[in-house]
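*Asks:* Sequence:
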Amino acid sequence: SRTKGINVETFEDEDGNILRFIDQAGQEDFSAANQLFIGQGLVSAINIVVVSCTMTQAELDDAMMKQTALCACSVDTLQANDAQNTPADKVTLQPVLVVGTKSDKASSEQLQNVEKAFAKTKQRFEKILDFEQSPSFLDSQKSWDRGMAEFRQRFHQGKHKVLSRAPPQSALCSNIQRVLPWIRKHAGSPVVTRQQLTELLAKGLSSLFHKFDKSVLLGQEDLMDAALRQMSDACEILSFDQSKDILVIDPPWLLNQVIGVLLSPSTF
1 SRTKGINVET FEDEDGNILR FIDQAGQEDF SAANQLFIGQ GLVSAINIVV VSCTMTQAEL
61 DDAMMKQTAL CACSVDTLQA NDAQNTPADK VTLQPVLVVG TKSDKASSEQ LQNVEKAFAK
121 TKQRFEKILD FEQSPSFLDS QKSWDRGMAE FRQRFHQGKH KVLSRAPPQS ALCSNIQRVL
181 PWIRKHAGSP VVTRQQLTEL LAKGLSSLFH KFDKSVLLGQ EDLMDAALRQ MSDACEILSF
241 DQSKDILVID PPWLLNQVIG VLLSPSTF
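Okay, so the sequence shown: first residue is 1 according to this note's numbering, each after it adds one.
Simulated from the structure, these hints should not be mistaken for laboratory data. Some hints here could point you the wrong way.
[To be verified] Calculated cross-link-like contacts (lysine to any residue; reagent style SDA-like; alpha-carbon spacing at most 25 Å):
#1 LYS161 - VAL50
#2 LYS120 - GLY158
#3 LYS127 - SER108
Let the hints inform the model, and build the full structure from the sequences given.
*Replies:* What follows is the structure in structure tokens.
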């Protein structure tokens, strides 16, 4: 079924790295809301652009360009048509994997159309995004394994790229991440104030570490700002420049239960 909003899955890989898969709705109605989940300073991400090989050339061009434009948002440009003019000091090259699905159901001409759309998109964004030399192709689920080996290899290469340059996580950010499940359980709401988060954090850390000194959280506004930016980039907590006192501690709730419901075709 089509994603209405956003789905987030977290797991630990074989090297002990915590990986987060963020599946965003592809419908155009959700594009503005999806930008809430793309941190302006985010560098530790692999962008996966997915299209169907059975689309027409016009559909491929449109879908691939729009999905890649969302990836470009994370290099400090919300206007895709200004991508070529992004200042050099703002450039953060993130890996982009373009995947064509249902390749077994497409004709040779349709596969070539995917290649053409990929070439156009790469030319448009290659100054700010790190593309592979060609798209990956996956068959339908009945014969899924045929293209999966190549895709996995490319994914692991991209993963090592972003892990090598990911900014170090602060101690405070690590502590928030450690107790966030406890905070979400005891907050009573997916939206909290900054003061409420600080109080819940202190209680959560005290429950984990009996000798935890709550005073270390006092007067640490700069550290808290930095930690919340990292958490926002990781799609763990949403903070807003316009209202720094309001925090969404369960981001999928915002898109799935609020924006997703409002924009769903069944609502109208």
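*Asks:* Please go over all the hints and tell whether each is borne out by the structure.
*Replies:* Now the hints, each set against the structure:
no., hint, verdict
1, LYS161 - VAL50, "holds (21 Å)"
2, LYS120 - GLY158, "holds (22 Å)"
3, LYS127 - SER108, "violated (30 Å)"
Consistency note: the structure conflicts with earlier hint 3 alone.
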